[in-house]
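Here's the letter readout for the chains.
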Amino acid sequence: ATLAACGGGGEEPGTTTAGGGGARTSAPPPVAPAGVAKFEDAAPGSGDGLTIGFTQLNLSVGFPQDVQRSVEEQARKAGAKLITCDSKADAAVALDCAKQFKTQGVKGLITFQADANAAPRICEAGPPVPVLAVDIEQKPCQTTFVGAANEYAGQLVGYNVGLYFAQQNDCEYDAFVSLESKAVGQVNELRMGGIRKGFESVCGAVRNLRTLDTGPGGLSEPAQRLMTDTLTALPGAKHVIVVGINEDVIIGALAAARVQNRTDDLYLGVQNLNPKNCVIYTAPHWLGSVAYFPEKYGQLLVPNLIKAMKGEKLPAELLVPHEFVTKETVKQHYPAYAC
Amino acid sequence: MPFLKTSGITKSFGPVKVLHGIDFTAEAGSVVALLGENGAGKSTFVKILAGDHDADGGEILIGGRRSRFGSVAGARAAGIRLISQEIADAGTMTVAENVVLGAWPRRLGVVSRKETHRRAAESLARLRAEIPLNRPVSRLRLGERQIVEIARALAGESRCLLFDEPTAALSDVEAGRLFELIAGLREAGVAIVYITHRLDEVFRIADRACVLRDGRISLDRPVAEVTTADLVEAMVGRAVAARRFVEPAGEHAQRAEAVLTLHEASGDNFAGVSLPAVPGTVVGLYGKIGSGVSEVAETLFGMRGLAAGELRLDGRAVRLRTPADAIRHGIGFLPPDRQGQAVLPGRSVAENLAAPSWRRLAGRGGLMTRARESRAYRRWHDALSVRSRDDPDQRIGTLSGGNQQKVLLARWLECGSRVLVLAEPTRGVDVGARQEIYQAIRRLAADGTAVVVASSDYEDIVAVADQAAVMVRGRVVAVLDGADVTIDRLTESAGGALSVR
Amino acid sequence: MSDSPVSDSAVTPGPHAVAAGGPPATPEPSAGRLPALAKIPNSAALVVFLILEIVFFAANSPYFLNWDNATNILTAISITGVLAAGATLLLVSGQFDLSVGSGVGFVGLLLVELQPHLGTAQAVLVAVAGGVAIGLLNGFLVNVLGINALITTLGTLAIFRGLTLAVGEGQNIAVNGFDWAIARPFLDLPVPALVFVAVAVVFALIMSFTVYGREMYAIGANSNAARLVGIRVKRNLFLAFVISGLCMALAGLLNTSLIGSSSGTTGTGLELAAVTAVILGGTSLQGGTGGVFGTIIGLLIVGVLSNGLTLMNVDSSWQQVATGSLLILAVAFDRLRASLLSGLR
Amino acid sequence: MSDSPVSDSAVTPGPHAVAAGGPPATPEPSAGRLPALAKIPNSAALVVFLILEIVFFAANSPYFLNWDNATNILTAISITGVLAAGATLLLVSGQFDLSVGSGVGFVGLLLVELQPHLGTAQAVLVAVAGGVAIGLLNGFLVNVLGINALITTLGTLAIFRGLTLAVGEGQNIAVNGFDWAIARPFLDLPVPALVFVAVAVVFALIMSFTVYGREMYAIGANSNAARLVGIRVKRNLFLAFVISGLCMALAGLLNTSLIGSSSGTTGTGLELAAVTAVILGGTSLQGGTGGVFGTIIGLLIVGVLSNGLTLMNVDSSWQQVATGSLLILAVAFDRLRASLLSGLR
Ligand SMILES: Nc1ncnc2c1ncn2[C@@H]1O[C@H](COP(=O)(O)OP(=O)(O)OP(=O)(O)O)[C@@H](O)[C@H]1O
Ligand SMILES: Nc1ncnc2c1ncn2[C@@H]1O[C@H](COP(=O)(O)OP(=O)(O)OP(=O)(O)O)[C@@H](O)[C@H]1O
Ligand SMILES: [Mg+2]
Ligand SMILES: [Mg+2]
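Chains as they are written, first to last, in our numbering: chain A, -9 to 329; chain B, -11 to 489; chain C, 65 to 409; chain D, 65 to 409.
Since the hints were derived computationally from the structure, they do not count as laboratory data.
Computed from a predicted model, the values in this text were never measured in an experiment.
Cβ atoms here follow ideal geometry from the backbone N, Cα and C, with glycine treated the same way.
Pairwise CB distance ranges, derived in the manner of DEER restraints: (1) Thr15(A) / Pro126(C): 33 to 43 Å; (2) Leu182(C) / Gly210(D): 48 to 58 Å; (3) Arg299(C) / Ala212(B): 45 to 55 Å.
Let the hints inform the model, and build the full structure from the sequences given.
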């Protein structure tokens, strides 16, 4: 079934009672928050003479890397000077980044920083310029929030996974394995909690939940190790739902299943989609991934920041158009997909 | 042709020139005694021969061929083995492995345990030593470790053995066995260089005597042609002789009450020992190594508990739980194992000297300055004739062994203890300095300190003790007083006269 | 003079007289009297601890005690284990290698980046060469330039992690046709477990029975003494760093094949896991003691705990708390044994 | 009793002759003759290195050499610096504390969790008590139970990280009305920088000018000998662990106030950063040498590099490579100085 969910009104999702376990295939899909934006290239020359500071989340992970490359490309197109600073997922480092941007007199900021509660201090330390917050709120100084609707993205995954199980298996499953990264804090909670909410809206309260912490940012190796043990504790289980905070942990889970010859037993709901990770898309039960399009973030960030720097007023939110992508729809979004 | 010949060897440590051109020969089948004051450069010289240090100039000829080692492996390949002054063994490894260290017997590339044990047993048997082969050497006493070091040098082919004060930690019996061994090696054609501060040993085993003074050879003659006085003169440039520093007992000593007393005490390795430490007197505790002497000394310092009997301080029974307890009660202790128990390596001489006195030196403010330590150091540098740069910041490791010993003795002099327990106080100290240390001990007693000298060297006892207890296998077998404290009486009581020393 | 305690001089200080006599002391125990207890190897306490752990989990999870799970545990510790074997060799000689974690990442990256272009065999060769190169670099810096091993390997840790990230751009890169490590050729044990067992045996043999191994212990016990008996200290240590590099290469290949991909963060933290197992297994930081057997026990103690807690579905934060406590407990247990025995030795 | 030469054996010269005898037989020169070069402190090479670094960045970034940026650097190293001061004290005595990073997280958590309920003052008290408690626990385990410091603090590292995550549920928790650390009371320097400077000065004084400091060096040099000169080794080390706990508390408060929140991962990796600075600054792992001054230089070398490279807009992966290389280079530079001087000492 094609379960792309972009629009649709309806009631608030996830508020349904988490009771028995009965399937509610009729449950409404999650509602995309208002403010979904369009990706567009920066106008050449629009950024001439402007300097942009970009605080990165953590460049040792793929997602921010994709964002970075996209931003770099767009800054080049616009002709703006870009200075980057990797906070390595550490608020204290992000604070240092902000100070350095102030020292260097940047005229606009993109802040991708994990600790929303640290934002006041980071804002205070940085220069008084327009700030685009990426994926994580940076109050009080954020001019505009740009990026993922983390909870909504999670709900999309959970809802679609739930829908699959409701239709195929009457919401029967052996375990619900959630591969998380506690270290990411709020984002982890929004994304993974969102998945549960979405799932529960269809199949009721999650049963046999197994939360596995896969290390800072979500790493393959711990996921593999923990999944191996978890599968052992689920002997004979044929329907194991596996949802993960990123693709790396899903790759780890698949590696664990592969060794035990149980790839068939895993039903995968994935955050983010990178067309190169074929292991996931060729797995027998890849139910789908929610796309974040990090490789296009620059198209939201750079043009809009330049506008703001030039004094234009921006909306409070510019959201990425999330899509729940499946085998059937993947080519639409990623023509280069070749798994 | 001599096995080994050096000419013009020079060596400096920084600005300090230690060796000024040494011409030296060691013949196969002959024993050369290498003598000299503490810091004269003896160890430095043999370390150069063994490839441990690199000489700055000069040359070494082995069997007539010029060789410049600069590496231990090279010297070993030429058959040269050094038994160094400071014990250098692999503490966590067993006795057997330490004996074959660096020359493991192997079969098919695999270390043969059986062969290791056989060779170790054989080497130790040559020294007639009975040391359990499977014990880690870190659990041996110092003398046993020294024997293991010697046994190592015997294992394998050696053509030249360099002994650097091998008997400093050995008992008389063990030393006697070593001498027999050396005689045997000499017969077998090994060239032997023997460093010692005990001149009697020279006459017992050496063919030639060679004296280093101020980094130059000041005497090099066959032993038959020299006297002790010649050697001493060549070493220190003046006459010094062994003597007794003790006056006939004075009034003072008789009236004084003992401050610290062991009463019918039994503990590790000793039983039923009574021993008083009386202000103004020096009590000698003489016993061969292993006789329990050092355990008694350690008990006095709170390092060991008592199984029976008691320790009285000012007449009242006390329990000293730790050395800190003992120090608080005014007791000081110079341990026998310099490297393991006393030296703070890497720290300056001043710090090493001041360590137990820090609290006092710091005064009420609790602030400890370098200047205070330096002053403390200067107080003793000259009094004990420490031969060093006279720089309080000099690291203690760069002092010669004997001079380190003086600094460590000064540590307790500075501390001003009421009771001073000195174990092997002159281990590794040269003839001249020995007299200085004896004098210092007597001066200390004269100032009212109660001194206990626990030693396996009768010379220490004879030189300074008002009264001496002799221990054999954990028991006090004799008590000698005043004029009875003589070499003969001591050795006789300790189990047979030894002509060695 | 006889043994009589009678002093014949006027100096006798009365009651404080040095007294001789008393019952003859017989303090020295003969060698034969050492009880069998004292012959127990040092790691015995840890083995007991491990057994207790196993009993606990067997009682608390129905899935724990079966062959499948045993293979899981073995596989889970195998990659850390290969590194820990190398770390044991280094640590008995008093050295460290903290670069192993990023080494594993670097080797993995080389493999996944090159395999599509060079083919599997050549890519493996280059990847192994990469691991060895790290070892050579560490060995060179520590032994030729004389830089402290901790700083050196902290430095190369950062360098190779940085290179891995810079080249791989933080992406997870999959590798195809490189799944030899998931085979179970023997006893239903997957290849990594078998490789780990083989590596452990080889290291145990090297360390106990070869001259090189004994020399490494001697260097750790007292490097000066080792030098003075003609052991080529630097050469030996250099070799050990290269061996550690080989271990990285092996662990990197195993890991890549097992996961089927490699990323910029691959191998993060493995150095600490390896060193923890080695130290827990009784190899001292000062060098000169310990061995591979202890390291295996150390690995198992940690591996069994993590496996058992996961089977019991314990939250990962509490797993951390439990692991920390257990680490301390295991060593405390060992100390207890030591102090119980100290009276007997 | 006097020095008069009464004797019963053949006596040649009187004792005075010995003491006063002849000109001093010393081949050694007086202190004055040492060339000034040899008096250069050990950290000199590192200072030179730091200056080169500063010159390099000053030439390559127009923003580097100004007071604002200097305060940035100082602030950036201040939290690691407070921990590194404690680590220096421990390391000169031959001990480690790897739990400082999770200690900072734990202290932060206590503060942010309790402040809304208890009020700021009380919450601060409890948080400080939390840090001290970690120190006490480490001190107890190491000195009373005799567990190796590495294992102990690896254990408490895991325990307190786990507790922080479990209690805080991985969330970032904000704190209100706790912003004293962002004030700039003096020279435009923010509080953390001032606190760090104060802590460094206090530690430098303690280590150089108090008996306690001296004793810690002695313990590191030879703990057995230290015991025999009456130093209470265990008590001193215990105190040092508690001091390290206090440093965690201080660093935790600073960090929380600076960031305005705390989370489960707060402080991760600080232990390694602190130890790196200490070792880079010349304190040896074996103990007995080093000091706070060197540690400050070590902190600055790393801090300036990271600041300068960011100003030069260098990618973070390459920054890692550069940092690793620099670490090695700095020590290599120091080795060079040592070998140049070795002839002079
Ligand atoms: N590593 C070193 N660095 C600086 N000076 C040193 C070093 N080793 C020895 N010295 C100095 O060289 C001189 C000779 O020392 P050496 O150890 O050779 O004396 P020695 O004759 O063996 O004395 P002893 O009888 O006390 O053992 C001494 O002044 C000593 O301080
Ligand atoms: N910790 C130990 N474990 C096992 N054996 C030991 C231990 N300490 C000493 N020994 C053995 O006990 C014997 C006696 O050694 P001990 O140290 O008691 O001699 P000692 O009387 O103190 O000699 P010295 O006067 O030279 O110090 C030696 O054979 C030694 O190897
Ligand atoms: Mg010497
Ligand atoms: Mg003894």
